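**Student:** Chains as they are written, first to last, in our numbering: chain G, 51 to 705; chain D, 3 to 154; chain E, 185 to 363.
Just so you know, these hints were derived from the structure itself, not from any lab.
Predicted, not measured: the structure shown is a model, and the values here were computed from it.
Even for Gly, the Cβ is constructed at its ideal location relative to N, Cα and C.
Incorrect hints may appear among the rest.
[As the list claims (entries may be wrong)] Computed Cβ-Cβ distance ranges for the label pairs, DEER-style:
id	chain 1	residue 1	chain 2	residue 2	range
1	G	Gly658	E	Asp229	28 to 38 angstroms
2	G	Ala366	D	Arg122	43 to 53 angstroms
3	D	Leu105	E	Gly235	52 to 62 angstroms
4	D	Gly121	G	Val113	53 to 63 angstroms
5	E	Gly343	G	Ala388	53 to 63 angstroms
6	E	Asp222	G	Arg199	50 to 60 angstroms
[As the list claims (entries may be wrong)] Below 20 angstroms or equal to it, Euclidean Cα-Cα: the simulated EDC-like pairs (lysine to aspartate or glutamate) are:
id	chain 1	residue 1	chain 2	residue 2
7	G	Lys387	D	Asp29
8	E	Lys214	D	Asp91
9	E	Lys214	D	Asp59
10	E	Lys340	D	Glu131
11	D	Lys102	D	Glu42
12	G	Lys577	D	Asp22
13	G	Lys387	D	Glu131
14	D	Lys28	G	Glu570
15	G	Lys432	E	Asp319
16	E	Lys340	E	Asp319
17	G	Lys583	D	Glu33
18	D	Lys28	G	Glu571
19	E	Lys340	D	Asp87
20	G	Lys432	E	Asp212
21	G	Lys613	G	Glu571
22	G	Lys432	D	Glu42
23	E	Lys214	D	Glu145
24	G	Lys432	D	Asp91
25	D	Lys82	E	Asp319
26	G	Lys583	D	Asp22
27	G	Lys583	D	Asp29
28	E	Lys214	D	Glu42
29	G	Lys432	E	Asp222
30	G	Lys464	D	Glu33
In case you want the letters, here they are:
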Amino acid sequence: MITETGHFSLALALFVALAQSGLGLYGARRGDEALMRCASGAAVALMLLTLVSFGALTYAYVVSDLSLVNVATNSHSAKPMLYKISGVWGNHEGSLLLWVTILALFAGAVVLFGRHLPPLLKARVIAVQGLVAGAFLAFILFTSNPFMRLARPPLDGNGLNPLLQDPGLAFHPPFLYLGYVGFSMAFSFAIAALIEGRVDAAWARWVRPWTLAAWVFLTLGIALGSWWAYYELGWGGWWYWDPVENASFMPWLAGTALLHSALVVEKRDALKSWTILLAILTFSLSLLGTFLVRSGVITSVHSFASDPGRGMFILAMLTAVAGGSLTLYAFRAPALKAGGLFAPLSREGGLLLNNLLLSTAAGTVLLGTLYPLFVDALGGGKVSVGAPFYNAVFVPIMIPLVAAMAVGPLMTWKRTDLLGILSRMKFVVAATLLTGIAVWVLAGGRLGDLASAGGMALAAWLFLGSLWEIGERSMLFRASGPEVVARLKQIPLAAWGMTLSHAGLAIMIVGIVGSSAWMEERIQNMKVGETAKLHDVEIRLDSVSEVPGPNYAALSGTFVLLKDGKEYQRLSPERRQYRQPPRPTSETAIHSTLLGDYYTVIGEEAPGGGYVTRFYWQPLIAWMWAGALIMSLGGLVSLFDRRHRIGAPQGSRKS
Amino acid sequence: MKRLILSLLLLTSAPALAVDPAEMLKDPAQEARAREIGAELRCLVCQNQSIDDSDADLAKDLRQIVRERISAGDSDSAVKQFLVDRYGDYVLLKPPFNPKTWLLWLGPLGLALAAGLVGRAYYRRQRREGAAPQPLSAEEQRELERIMKDQG
Amino acid sequence: MKRRLAYLLPVLVFLGLLGFFFRGLFLDPKAIPSVLIDRPVPQMDLAALPGRGDTGLKSEHFKGQVSLVNIFGSWCVSCVAEHPMLMRLKAEGVVPIHGIDWRDDPVQGMLWLQKNGDPYTRVGTDPPPGRTAVDFGVTGAPESFIVDAEGRIRYKHVGIIDERNWRQTLLPIIKELQK
Numbered sequence: 051m052i053t054e055t056g057h058f059s060l061a062l063a064l065f066v067a068l069a070q071s072g073l074g075l076y077g078a079r080r081g082d083e084a085l086m087r088c089a090s091g092a093a094v095a096l097m098l099l100t101l102v103s104f105g106a107l108t109y110a111y112v113v114s115d116l117s118l119v120n121v122a123t124n125s126h127s128a129k130p131m132l133y134k135i136s137g138v139w140g141n142h143e144g145s146l147l148l149w150v151t152i153l154a155l156f157a158g159a160v161v162l163f164g165r166h167l168p169p170l171l172k173a174r175v176i177a178v179q180g181l182v183a184g185a186f187l188a189f190i191l192f193t194s195n196p197f198m199r200l201a202r203p204p205l206d207g208n209g210l211n212p213l214l215q216d217p218g219l220a221f222h223p224p225f226l227y228l229g230y231v232g233f234s235m236a237f238s239f240a241i242a243a244l245i246e247g248r249v250d251a252a253w254a255r256w257v258r259p260w261t262l263a264a265w266v267f268l269t270l271g272i273a274l275g276s277w278w279a280y281y282e283l284g285w286g287g288w289w290y291w292d293p294v295e296n297a298s299f300m301p302w303l304a305g306t307a308l309l310h311s312a313l314v315v316e317k318r319d320a321l322k323s324w325t326i327l328l329a330i331l332t333f334s335l336s337l338l339g340t341f342l343v344r345s346g347v348i349t350s351v352h353s354f355a356s357d358p359g360r361g362m363f364i365l366a367m368l369t370a371v372a373g374g375s376l377t378l379y380a381f382r383a384p385a386l387k388a389g390g391l392f393a394p395l396s397r398e399g400g401l402l403l404n405n406l407l408l409s410t411a412a413g414t415v416l417l418g419t420l421y422p423l424f425v426d427a428l429g430g431g432k433v434s435v436g437a438p439f440y441n442a443v444f445v446p447i448m449i450p451l452v453a454a455m456a457v458g459p460l461m462t463w464k465r466t467d468l469l470g471i472l473s474r475m476k477f478v479v480a481a482t483l484l485t486g487i488a489v490w491v492l493a494g495g496r497l498g499d500l501a502s503a504g505g506m507a508l509a510a511w512l513f514l515g516s517l518w519e520i521g522e523r524s525m526l527f528r529a530s531g532p533e534v535v536a537r538l539k540q541i542p543l544a545a546w547g548m549t550l551s552h553a554g555l556a557i558m559i560v561g562i563v564g565s566s567a568w569m570e571e572r573i574q575n576m577k578v579g580e581t582a583k584l585h586d587v588e589i590r591l592d593s594v595s596e597v598p599g600p601n602y603a604a605l606s607g608t609f610v611l612l613k614d615g616k617e618y619q620r621l622s623p624e625r626r627q628y629r630q631p632p633r634p635t636s637e638t639a640i641h642s643t644l645l646g647d648y649y650t651v652i653g654e655e656a657p658g659g660g661y662v663t664r665f666y667w668q669p670l671i672a673w674m675w676a677g678a679l680i681m682s683l684g685g686l687v688s689l690f691d692r693r694h695r696i697g698a699p700q701g702s703r704k705s
Numbered sequence: 003m004k005r006l007i008l009s010l011l012l013l014t015s016a017p018a019l020a021v022d023p024a025e026m027l028k029d030p031a032q033e034a035r036a037r038e039i040g041a042e043l044r045c046l047v048c049q050n051q052s053i054d055d056s057d058a059d060l061a062k063d064l065r066q067i068v069r070e071r072i073s074a075g076d077s078d079s080a081v082k083q084f085l086v087d088r089y090g091d092y093v094l095l096k097p098p099f100n101p102k103t104w105l106l107w108l109g110p111l112g113l114a115l116a117a118g119l120v121g122r123a124y125y126r127r128q129r130r131e132g133a134a135p136q137p138l139s140a141e142e143q144r145e146l147e148r149i150m151k152d153q154g
Numbered sequence: 185m186k187r188r189l190a191y192l193l194p195v196l197v198f199l200g201l202l203g204f205f206f207r208g209l210f211l212d213p214k215a216i217p218s219v220l221i222d223r224p225v226p227q228m229d230l231a232a233l234p235g236r237g238d239t240g241l242k243s244e245h246f247k248g249q250v251s252l253v254n255i256f257g258s259w260c261v262s263c264v265a266e267h268p269m270l271m272r273l274k275a276e277g278v279v280p281i282h283g284i285d286w287r288d289d290p291v292q293g294m295l296w297l298q299k300n301g302d303p304y305t306r307v308g309t310d311p312p313p314g315r316t317a318v319d320f321g322v323t324g325a326p327e328s329f330i331v332d333a334e335g336r337i338r339y340k341h342v343g344i345i346d347e348r349n350w351r352q353t354l355l356p357i358i359k360e361l362q363k
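Chain G on its own, in the form it takes in the complex (with noise of 0.2 angstroms):
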């Protein structure tokens, strides 16, 4: 019954999207209020329906009703709870359940804290969400039904990946949806400008918030995904640029770009018709990620089991949402005005600057994931792109992004003196350079150090410099102590969130570099009783037992640490063989420091007795985490900022 009442919302849900849509549109084309006001409830009847449906399915994993086929293909009676709830969407029909329920959550939120919104502005934004929720459910409905049932319900079901059934991976797709979906109200929001002929300011203000959410939520996702698969996978590594990852990676590359234009719009009133193509282009991003995963048109190590079927209706959607909006794009935007003068070297020269290095990296990883689609479907047979080539090419374009980065945000508007700046920061400077020679010595001197230190003089200068502008503001060093006191506490929660944000990159670079340039691996035959070394360490493989686990039979090894004879730590990583489905994983155990990483994985039992054992050690990865955190917390931080707080009355900001 709850199942049928879930199927039936999202029918009815389809339908009320399309009024939605309807009623938005020509409601404000008319001027009508009684009907806009009829698109607003719409959109928080949607937001019901979907909740509903979403709910009713959850419940059905909750309860193991293995009579829906979507249930019975991936979940299990014995499944823990945690992952019998996560199970909802780590599948395709699920994961778009979701999907759309957060968009309707979206649209659902322009209605009840959108109150000061133009009417009209309003109501073509919710009727666009509406669309785009329309579009989505139709592609559920007729090609991914979750709530289909089974003639013969079996008696248990397949069970979710075992890989999958792992905390951080759970919460991870939420969050990356969150971000893409909230990426959809950038677009509806650039869409409902462009009908209406005007990009202002107050646009530029409504945006900001939404766009900063979506892009809080997907630097979270990507992030947890990216620690998943650091701690899960068992390979050492972290980022592997697979066509997935860079289907996350794509939109917030734009997305951030996005933050930033917008904010030149806001404050210069410039850049307008460029924003607008890049709200449009960060969603379309985000769309065609989920084409590229669910049409089976790329291959990649994680994707759904795909079906051209649903390639085709995926890529009538994207070419309805990207191919309209940018031919609307191609018609409307000539008609907007350019406005605010600035010079190459201003502040705003410096955020376009931003835009136009974000973009092509955005580019970049566009080429590389297309890249042998292109040559086969031109006949040129199967190319690989992998990862040596996007480390060859991406790293070029971040050096210039993050150099100009600490420096950013140091120039005035309009026009600025570089130089000027730079000897003001002589000792950011000098503390750069210093860092540079130091970690190149320390690494040892050789020629091939010289990357890695110029990746951590890098941080340093970015850390640094984003300080440092803090200190100018506060008159640090020059002010007395209650007037500098005075002044940070003037500082608006925006600019500390960007201190943050930029400070947080730096650290997340210290991270990559280290990690990547220091890393040290160790595998080996180990029988109980003997050691191996790794960096300064000495690891003895102490005892392995059988440990029962909920739905899976592990092989568990302890292992100790020891510093200088003396024990330090012990680690007891696992490899468990899954029962349904029957798949071995293995969970590696990690400690954690600021200096870096001890990790630990065992294997199975050697021909010879002794098991196969592969430690690492990763030199400041933690960074990377942190980093990516305070990252997002700068956004987060930036949110709170009484100008962003949505629908905060226009009129009421100073200054």
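Model the placement of chains D and E on the given structure of chain G, informed by the hints.
**Tutor:** For chains D and E alone, coordinates are given in the frame of chain G:
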């Protein structure tokens, strides 16, 4: 997007412990070369993994063959060529620079140049329009009136 | 006017991409073409399966007549599904089929043939690391190659041979080569 489903494709390649100590070369320098080469060769059955990361049987075989070639005295590029002769360029995760991949390798540079041109065009137009405000075209005039009306 | 054209650029680029995506839906990214077409079969000297009574499989066995090489193994699930088709081809006698027992214990391979039937003229065993299979550019089992009378590889078939692909693709090539 979804790292969340490691697909059925992956069934053949259980995670972890790809490189086995039993298959490693005695000479650490040669083993290091083998690892470096392995990281650049695609595990053909598991799509986007290198043979170094994969537990698939074929990857294991290829790792062993790479090590045999190294022991036999082949250079790094000869080892890779050995596999390209059998599996094609597809086996290389870092595509070679040839007519088929010119666009790929030069693409990022092209994109950067295009971005630079866009930036330059922006400043030029801004300077031109900023220096001498041009009279509104008929279309722009209509647009202006429409906006004024909207706001009014 | 030139400015207006610039605004058209994004949608034009998108339309180009769309063409590729559409084309991509009908391409199989996992189908890897063989680079060995028209090249002689690899040098090989594979041992026979115990008790089968042949002398194994050597490169010179491919000279003189068109043949089909089939990669199989007792561990290979799809091979069981393909096997009845191979038995039928043997009965029809259109082309001799040679087997390469890949990554297998020869004893297991022989037992498997005894159980499922033996369609092969000659069988060679290629234990791990499957050097001959790698020389053939094999990525999985079953895979089959059509070799012409001069001992050159002319066609590679990935996956199970069934009635349909046999009639439509493999048989016409073999007939053509046998002329």
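**Student:** Each of the hints needs a verdict: does it hold here or not?
**Tutor:** Structure-based check of each hint:
1. G:Gly658 <-> E:Asp229: 28 to 38 angstroms: 31 angstroms, holds
2. G:Ala366 <-> D:Arg122: 43 to 53 angstroms: With Cβ atoms ~38 angstroms apart, the hint is violated.
3. D:Leu105 <-> E:Gly235: 52 to 62 angstroms: 57 angstroms, holds
4. D:Gly121 <-> G:Val113: 53 to 63 angstroms: 58 angstroms, holds
5. E:Gly343 <-> G:Ala388: 53 to 63 angstroms: Holds: the Cβ-Cβ distance is about 58 angstroms, inside 53 to 63 angstroms.
6. E:Asp222 <-> G:Arg199: 50 to 60 angstroms: 53 angstroms, holds
7. G:Lys387 <-> D:Asp29: 68 angstroms, violated
8. E:Lys214 <-> D:Asp91: Cα-Cα ~14 angstroms, so holds.
9. E:Lys214 <-> D:Asp59: Satisfied, since the Cα-Cα distance of roughly 18 angstroms is no more than 20 angstroms.
10. E:Lys340 <-> D:Glu131: Outside the cut-off at roughly 64 angstroms; violated.
11. D:Lys102 <-> D:Glu42: 19 angstroms, holds
12. G:Lys577 <-> D:Asp22: Cα-Cα ~15 angstroms, so holds.
13. G:Lys387 <-> D:Glu131: Since the Cα atoms of Lys387 of chain G and Glu131 of chain D sit roughly 11 angstroms apart, the hinted pair holds (cutoff 20 angstroms).
14. D:Lys28 <-> G:Glu570: 18 angstroms, holds
15. G:Lys432 <-> E:Asp319: Holds, because 19 angstroms separates the two Cα atoms, which is no more than 20 angstroms.
16. E:Lys340 <-> E:Asp319: 13 angstroms, holds
17. G:Lys583 <-> D:Glu33: 18 angstroms, holds
18. D:Lys28 <-> G:Glu571: 16 angstroms, holds
19. E:Lys340 <-> D:Asp87: 15 angstroms, holds
20. G:Lys432 <-> E:Asp212: Holds, because 10 angstroms separates the two Cα atoms, which is no more than 20 angstroms.
21. G:Lys613 <-> G:Glu571: Within the cut-off at roughly 18 angstroms; holds.
22. G:Lys432 <-> D:Glu42: 16 angstroms, holds
23. E:Lys214 <-> D:Glu145: 53 angstroms, violated
24. G:Lys432 <-> D:Asp91: Answer holds: Lys432 of chain G to Asp91 of chain D is near 7 angstroms, not above 20 angstroms.
25. D:Lys82 <-> E:Asp319: OK: Lys82 of chain D and Asp319 of chain E at ~14 angstroms, within 20 angstroms.
26. G:Lys583 <-> D:Asp22: Holds, at about 17 angstroms.
27. G:Lys583 <-> D:Asp29: 18 angstroms, holds
28. E:Lys214 <-> D:Glu42: It holds: about 19 angstroms lies between the C-alpha atoms, which stays within 20 angstroms.
29. G:Lys432 <-> E:Asp222: 19 angstroms, holds
30. G:Lys464 <-> D:Glu33: It is violated: about 57 angstroms lies between the C-alpha atoms, which goes past 20 angstroms.
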